[in-house]
Each structure stands twice: as structure tokens, then as C-alpha cells.
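Residue numbers (the numbering used here), protein chains in the order written: chain A, 16 to 132; chain B, 3 to 114.
Be aware that one or more of the hints could be misleading.
List time: in silico DMTMM-like cross-link candidates among lysine to aspartate or glutamate, alpha-carbon distance up to 20 Å [as the list claims (entries may be wrong)]:
id, chain 1, residue 1, chain 2, residue 2
1, B, K59, A, E59
2, B, K44, A, E59
3, B, K39, A, E125
4, B, K39, A, E59
5, B, K60, A, E125
6, B, K44, A, E120
No wet-lab data here; the hints were simulated from the structure.
Okay, here's what each chain looks like letter by letter:
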Amino acid sequence: DTGVSQDPRHKITKRGQNVTFRCDPISEHNRLYWYRQTLGQGPEFLTYFQNEAQLEKSRLLSDRFSAERPKGSFSTLEIQRTEQGDSAMYLCASSPTAVPGGTGELFFGEGSRLTVL
Amino acid sequence: GENVEQHPSTLSVQEGDSAVIKCTYSDSASNYFPWYKQELGKGPQLIIDIRSNVGEKKDQRIAVTLNKTAKHFSLHITETQPEDSAVYFCAAGNPGASKIIFGSGTRLSIRP
Numbered sequence: 016d017t018g019v020s021q022d023p024r025h026k027i028t029k030r031g032q033n034v035t036f037r038c039d040p041i042s043e044h045n046r047l048y049w050y051r052q053t054l055g056q057g058p059e060f061l062t063y064f065q066n067e068a069q070l071e072k073s074r075l076l077s078d079r080f081s082a083e084r085p086k087g088s089f090s091t092l093e094i095q096r097t098e099q100g101d102s103a104m105y106l107c108a109s110s111p112t113a114v115p116g117g118t119g120e121l122f123f124g125e126g127s128r129l130t131v132l
Numbered sequence: 003g004e005n006v007e008q009h010p011s012t013l014s015v016q017e018g019d020s021a022v023i024k025c026t027y028s029d030s031a032s033n034y035f036p037w038y039k040q041e042l043g044k045g046p047q048l049i050i051d052i053r054s055n056v057g058e059k060k061d062q063r064i065a066v067t068l069n070k071t072a073k074h075f076s077l078h079i080t081e082t083q084p085e086d087s088a089v090y091f092c093a094a095g096n097p098g099a100s101k102i103i104f105g106s107g108t109r110l111s112i113r114p
């Protein structure tokens, strides 16, 4: 297994268009996370799946954003009616079954960079 | 809400010297404190982590200390090398939320 893969790596779109990103996690990991990272900032939590169930969404996530993980394997993140403020790196991470005491290591992909013109 | 503050935002040290990055967190329920390293064009990668039942952890040239009372933790890199140049993020997690909150990052530069 080569790790978490994300596609596309770069996406340039015009304001108002819809975009979709895909994430393939490490195969045995049942937790999958989406984060957003803007220049000079740390990753900002967007949403999290345990298998196919979306268990948490950030309050910062507007209703233009939707994420799915239909079979508990790959996930998609869709942004509708994109705005210039959506320009960022979208990072996907996966994690194995919960470790004792709660959270554990996140394995990140290389990200999908979105530029909205 | 949960918040993790990190400083400094940039740090430049002479090769061979030590580097220290400090973080504070707001959620007293946090019990997991990882540090990630991010190189240009790549996703963050875990370099070391510590849980709240220990006060210090060391792995070769990297060490992390945790003060739960004061709600702060630090990363120490000794004998810095050029390949240590990167952006470093601290983070905090708690068992109830199952998510990790990141600091804003420290860009570390190692001067030859």
C-alpha cells in the first residue's frame, strides 16, 4: 500500500463552478478525515468519517460543502458554487481503529490544491 | 471552542544548535499531543507524539515535553541538520471529539 492518495492534485476553476475531490485512504484504516489548509496556516478540520458514517462536521463547513464515503473506503468532497475564499489545499487523512485513550496518528495524503478564479 | 496556539511562527537556527517550538491548548480534556512535519508540496507527517499520562518523550534528536497543569507542550530538536528545515505543527486531540486540532505552524530554517 502506497499511503493515502488524493485526486486531482491541482484544480483551477471559475467562481460558481462545482468541484469534487477524491481520497483513497490506507486500505485497513476505518477513519477518514478532511482538512483544509490555507497558506501559512495549520490544517483546519472539516469533517470525519468512521467507516461510512459521517460522525462530525465543522461548524465552519458551509452547506456548499458535502462529503461522502459510501462504502467505507474512498471518500469524495464536493464544493458547490465555488467562491474565491474556497481556494486552499484540501487534505485527506486516514487513521486506523481508535487507539486506547482516543485519537491516534493521522496519515495524510499530499493534498488537492484548489484555485478559484 | 478548542484552540491550539503555536509560536514562534518562524525560527532560524544555526546548524548544530537546538530549536524549541512551544504550544498551548485550551481544551482541558485534550489527552493526545502530536507533532507533525510538513515539507514543501507534501502532507504533514507525524514525527513524535505524547499522551497526557507522561511528561516527556524522546526519540533520538527530538523530544517533547508536556505540562498539563499549564496546558502547554513543547518540541525540542537538538543538533539540528539541514533536513530539519520544514514547517512544524503541534496539535491536540481528545477522546470525545476524535479529531485533532492543529496549531498555525512554525517555519524552521537551518542556517549552514
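Checklist entry - Hint by hint, which ones does the structure fall short of? => result 1 and 5
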